[in-house]
Amino acid sequence: QKVENTLFRSVSTEDGLTEKADVTSYNNFYEFGTGKDDPAKYADEFNPYPWQIEVGGLCDKPGTLDLESLVSARQTEERIYRLRCVEAWSMVIPWVGIELGTLLKQFEPRSSAKYVAFQTLFRPEEMRGQKSRFSFIDYPYVEGLRMDEAMHRLSFLAIGMYGEPLPNQNGAPIRLVVPWKYGFKSIKSIVKIEFVEEEPPTTWNLASAREYGFYSNVNPNVDHPRWSQANERRIGPNGNIERIPTAMFNGYTEVASLYEGMDLRKFF
Amino acid sequence: MAFPIKLNQGPVWWVLFLAALAPAAYYWGLFLFDPRALGVDSLEVILQEMGRWTLWMLLITLACSPLKRRTPINKAVRYRRMLGLFTFFYASLHLSIYLIGWIELDLAVFIEDLGKRPFIYLGMIAWTGLLALAVTSPKAMVRQLKKNWKRLHRVVYGILVLAVIHFWMQSRVSSLEAWLYTFIAIILLGERLLAKFAKPQRRTTAIA
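Sequences listed follow chains A and B, in order.
Residue numbers for the first sequence follow the working numbering, beginning at 1 and rising by one.
Residue numbers for the second sequence follow the working numbering, beginning at 1 and rising by one.
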């Protein structure tokens, strides 16, 4: 619907881009089914427009954002990020969007707000996965970040990729992208943002706390209980897949200071 | 030795043989010549499919004797050995893809997986069990082992339990398929318990 007119590569990487066709046909978005080809198959049943996001909680200027004004009021950026899935595959994707922190500041969060909670749309009539009785997770999907993580300059809200609006299967019309955390932290199709004092519940942690922590930073030294996180399968240019070592914080070591003094084995 | 194929088998044997071979031919044909047809990560797909067909072959193999006992399809057991060998065949493909393709023969990763990850070591134990059954499957071995052969081949029930647990443990998305296999496995094992305890006088023939 809304195509960006101005964008620039503000954050980039040496790594070659994953093919757009692969990013749009191989991903997890359980709202449309649990297979990695399900989102591409069933996401056209979903109509994201018009779209509004409710922002509230511990802030001085709560309100409702509509997508149009959100985008037209700001300079959108293009950022090329590595995306590392907890299942040990990865991609390199050029996102288009805005920095999360600059948006959050406009709502003037209070000092008592220690975390930011996010929620995905719940609309089972258009999202068939939400009707499944055999799902391992509950809906609506919820995620969260600590305030300093949300305010970090790398935290990003994407409204597009490859210079085009986000395809439905990749989280249209607006999603989070936190490149140093496992992909499931980057919640899709966001309808609600709330400033809260306590660590908010997060979907995969609720499903299996032993396997998925609140932080879920990419960390090659902390294995998933069922598989190693030391390596990943990089789905690279031309669809070539290479097994490569996983980097701490997915290579975004500038975030390390956020976790100084924390035992990352305990707070995984 | 493990594949004592006689070419003068009947038509039913050949139909079953080709049907059991078909999934392997289909997936390997695509994997080698048109991997994109299997999806973005064709290795992941063929790894999962060979595992899935191992489980199906095992369930089909174990359905033979209940079919004989309880349905008119009483000839099914004649083909049980071939189906059992196909279970081993798919399990070996599954294991080879994991070793060669998935971990790229990285010995350190393999040892770590074996030591730390239940679904890897349970899978390895199950495959080792299938290897033992495949090696002792020729008729000469059956004759040689006599009563011990039957005892040894009861290992298959343990393998079934391990295989279903292995499937459960790698499920990270949904439980529907895992429940299906669990359900079939319970029926197959339950039927045997029924056969054993309901008619103790026919015990020696009923257990197979």
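Quick caveat, the hints were computed from the structure, so don't treat them as lab data.
Cβ coordinates follow ideal geometry from the N, Cα and C atoms, glycine included.
You may find that some hints are simply not true.
[Said to hold, decoys possible] Restraint ranges, calculated between C-beta atoms of paired labels, are given here:
1) A:E197 <-> B:K116: 36 to 42 Å
2) A:E197 <-> B:I186: 43 to 49 Å
3) A:S72 <-> B:L32: 25 to 31 Å
4) B:R78 <-> A:L17: 54 to 60 Å
5) A:S112 <-> B:E177: 42 to 48 Å
So, going through the hints one by one against the coordinates:
Checked against the hint of 36 to 42 Å, the pair E197 (chain A) and K116 (chain B) passes, with Cβ atoms roughly 38 Å apart. At roughly 48 Å, the beta carbons of E197 (chain A) and I186 (chain B) sit within the given window of 43 to 49 Å. Judged by the Cβ atoms, the range 25 to 31 Å given for S72 (chain A) and L32 (chain B) is violated: they are separated by roughly 51 Å. For the pair R78 (chain B) and L17 (chain A), the supplied restraint of 54 to 60 Å holds, since their beta-carbon distance comes to about 57 Å.
A beta carbon spacing of about 46 Å between S112 (chain A) and E177 (chain B) agrees with the range 42 to 48 Å that was offered as a hint.
The structure shown violates just one earlier hint, number 3.
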